[in-house]
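The chain contents come next:
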Amino acid sequence: MAEQGKAINRRALGRALSRIADASVEEALAGLVEPPARSARRIGITGPPGAGKSTLISGLARRRLDRGRSLGIVAIDPTSPFSHGAILGDRIRMEEIGDDPRLFIRSLASRGAHDGLADNIPDILLTMDAHGFDEVVLETVGVGQAEYGVRLLVDTVVLVLIPESGDQIQAMKAGVLETADIYVVNKADLPGARKIAAELRGVLKIRRRLGATWEPPVILASAQDGEGVGALDEAVERHLEWLASTREPSELRRARARYHLQSLFARRIAEILESVPEILDGSSLAAGYRAALDHLGRRAETGNGRRETSF
Amino acid sequence: MSDTANKTLLRGKRILIAKPGLDGHDIGAKIIALALRDAGAEVIYTGLRKTPRYIARVAVDEDVDAVGLSMLSGSHRELVAETIEELRAADAADIPVFVGGTIPAEDHAYLRQLGVAGIFTSEMRLDDVVAELARALG
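Going line by line, the protein sequences match chains L and X.
According to the numbering used here, the residues represented by the first sequence are 3 to 313, in order.
According to the numbering used here, the residues represented by the second sequence are 15 to 152, in order.
Rather than coming from a laboratory, the hints here were simulated on the basis of the structure.
All residues carry an ideal CB built from backbone N, CA and C; glycine is no exception.
One or more of the hints may lead you astray.
[To be verified] A few chain X residues facing chain L, derived, Cβ under 7 Å:
1) Lys21
2) Asp37
3) Asp52
4) Arg139
5) Leu140
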């Protein structure tokens, strides 16, 4: 609670987020941010590229600010695999809220992360917690096959679809489609919106039969003219209240720790494969796997011996 | 767009491309943004018609390594001065400011005196802009 209501130290937070985003695995471990006693409520917005996530977030953010909350937005865009560069353009669609002093927007490139998020994203969210935001909105790159990270890292997952997403619904049935808490069919003025909404409700009915107690709403929205944004804001509020009354905190901590560890391992392996390319020249994949494991062990030992004080 | 030699020159750099003032043309800003991306930079673009205060705030929140102001309006003298002043007020005087667009030669000395780190005129080749920016940012 300590920092609640205090003005955001924008320069300090901006710099801290860069340090964390740039940290190697060793540096991230050395500078690990301990989960603060009070964490921001996290809202994840996911959905295919072009679904209108940024515009929807702009409208939602306005409503959250109007409820008297301070708000951080972390928006992720894809890194080019060719140049490693990125165009981070999400905030262009958020300009109508851009002047509010209780709002802080940070754009991140996905870099090495392949799950729609960004390197060191667990630590980035903990840093936002430490700066006392009431709520943090996380915008993902888009729905990937393996986008389960956002499910583990945030409290409320909002999946944004558009009428053109019909085929994607088929492809996503086993993924985030089944685990989102709130569904938005955006660009609802386009033909096919109601059909998509009906299909979604069909999928969700099966889920309800499996004994889930939260009934995920399906909201028709048109973020451009603000339709459905109020309903989304209400649904987020109801879901956060529902979570507060049902969720087991220790389970949540374990799930987040698992994702955090897994992402550190994935990045460490990527670092090893980049710095010791000979591993890939070995006689067999099995030999390469064992060589990589060997490096993993060695590096971990030296890492413990040489803890850095800061990063 | 740029040749392979340019591909990693700006890797790891975060650069804000901003359009202050009232002119409504951002094709130049977008071309520069893409060239910087192709050289490995992470580029944040503000969109059109932003105030110096807004630009400084985005530079701080995004913790960029450089701010590039794209100007065609003719009011670059005032807008550059204001942007540098707003950065100073936001405890971010250390973020270098570059200016690009239609900047008459007689204004260059004035802009440099304000603290502008580099001026890129519209005649420059994109590869040269990238190379000079990379040199300036180390």
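Status of the hints after comparison with the structure:
1. Lys21: At about 5 Å, which falls below the 7 Å cut-off, the nearest Cβ of chain L leaves the hint on X:Lys21 intact, so it holds.
2. Asp37: At 17 Å from the nearest chain L Cβ, X:Asp37 fails the 7 Å test, so the hint is violated.
3. Asp52: 5 Å, holds
4. Arg139: This interface hint is violated because 18 Å lies over the 7 Å limit.
5. Leu140: 14 Å, violated
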